[in-house]
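Chain B: place on chain R using the hints.
Chains as they are written, first to last, in my numbering: chain R, 1 to 114; chain B, 1 to 112.
The hints are simulated quantities; they were obtained by calculation from the structure and are not laboratory data.
Predicted, not measured: the structure shown is a model, and the values here were computed from it.
Please note: incorrect hints may appear among the correct ones.
[Stated by the list, open to error] The list that follows gives simulated cross-link-like pairs (lysine to aspartate or glutamate, DMTMM-like), each with its CA atoms no further than 20 Å apart:
#, chain 1, residue 1, chain 2, residue 2
1, B, 49, R, 85
2, R, 40, B, 42
3, R, 40, B, 76
4, R, 18, R, 85
5, R, 40, R, 84
6, R, 22, B, 42
7, B, 52, B, 76
[Claimed, not checked] Negatives, chain B to chain R, calculated, CB over 12 Å:
#, residue
8, 7
9, 49
10, 62
11, 109
12, 111
Even glycine gets a Cβ: it sits at the ideal position worked out from N, Cα and C.
So you can see what is in the structure, the chains are spelled out below.
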Amino acid sequence: ETGVTQTPRHLVMGMTNKKSLKCEQHLGHNAMYWYKQSAKKPLELMFVYNFKEQTENNSVPSRFSPECPNSSHLFLHLHTLQPEDSALYLCASSQVREKNSPLHFGNGTRLTVT
Amino acid sequence: GNSVTQMEGPVTLSEEAFLTINCTYTATGYPSLFWYVQYPGEGLQLLLKATKADDKGSNKGFEATYRKETTSFHLEKGSVQVSDSAVYFCALVFNAGNMLTFGGGTRLMVKP
Numbered sequence: 001e002t003g004v005t006q007t008p009r010h011l012v013m014g015m016t017n018k019k020s021l022k023c024e025q026h027l028g029h030n031a032m033y034w035y036k037q038s039a040k041k042p043l044e045l046m047f048v049y050n051f052k053e054q055t056e057n058n059s060v061p062s063r064f065s066p067e068c069p070n071s072s073h074l075f076l077h078l079h080t081l082q083p084e085d086s087a088l089y090l091c092a093s094s095q096v097r098e099k100n101s102p103l104h105f106g107n108g109t110r111l112t113v114t
Numbered sequence: 001g002n003s004v005t006q007m008e009g010p011v012t013l014s015e016e017a018f019l020t021i022n023c024t025y026t027a028t029g030y031p032s033l034f035w036y037v038q039y040p041g042e043g044l045q046l047l048l049k050a051t052k053a054d055d056k057g058s059n060k061g062f063e064a065t066y067r068k069e070t071t072s073f074h075l076e077k078g079s080v081q082v083s084d085s086a087v088y089f090c091a092l093v094f095n096a097g098n099m100l101t102f103g104g105g106t107r108l109m110v111k112p
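With the rest of the complex left out, here is chain R:
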């Protein structure tokens, strides 16, 4: 079992749909992250949760709504998305306040908005 599991692996949705991405980490970490990876663009940090509290919202549109019910689970709720939101969405976790703690990534959800 991988340390960070994301579901679904692939998602196709219309602009009027509502869907959710799920992330679960089995590493005992206390920080979780959502990143967006688009073709030909740098990796974009979207949200950070430390100890279940959101500490960073990187100017993300409100059509993306994160939820972190506990330190092991992270969701990204999606509604009324645009075609330009099509991308690979990566979840990551780490042990905050542990010096040089690296990020552990899931395999991502490939989202296509039609």
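Relative to chain R, chain B alone:
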């Protein structure tokens, strides 16, 4: 602010060739430096790291040395394999935080 600059790809090499992927950074202070690798269809994995000047990180035949004087952390491998084909990301973080700054990534393609 902090930033990381990587050479643009793709880098195309033949098997057993020598690899260098350049990475330079701009930061106030002395960050920790990382290389992550992303294989096709997967998320990013930590490849190696260095936490202070002159440290050398190494893993799976890859090496990178933290050069404070040139603010660089170039990735090298003496003999690449087809299985090394992936996208490589350079990143930095300051010890007290957990906010990584990533470079744009460099795609490596190794041909048999």
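How the hints compare with the structure:
no., hint, verdict
1, B:49 to R:85, "32 Å, violated"
2, R:40 to B:42, "17 Å, holds"
3, R:40 to B:76, "23 Å, violated"
4, R:18 to R:85, "14 Å, holds"
5, R:40 to R:84, "13 Å, holds"
6, R:22 to B:42, "16 Å, holds"
7, B:52 to B:76, "18 Å, holds"
8, 7, "14 Å, holds"
9, 49, "7 Å, violated"
10, 62, "15 Å, holds"
11, 109, "16 Å, holds"
12, 111, "22 Å, holds"
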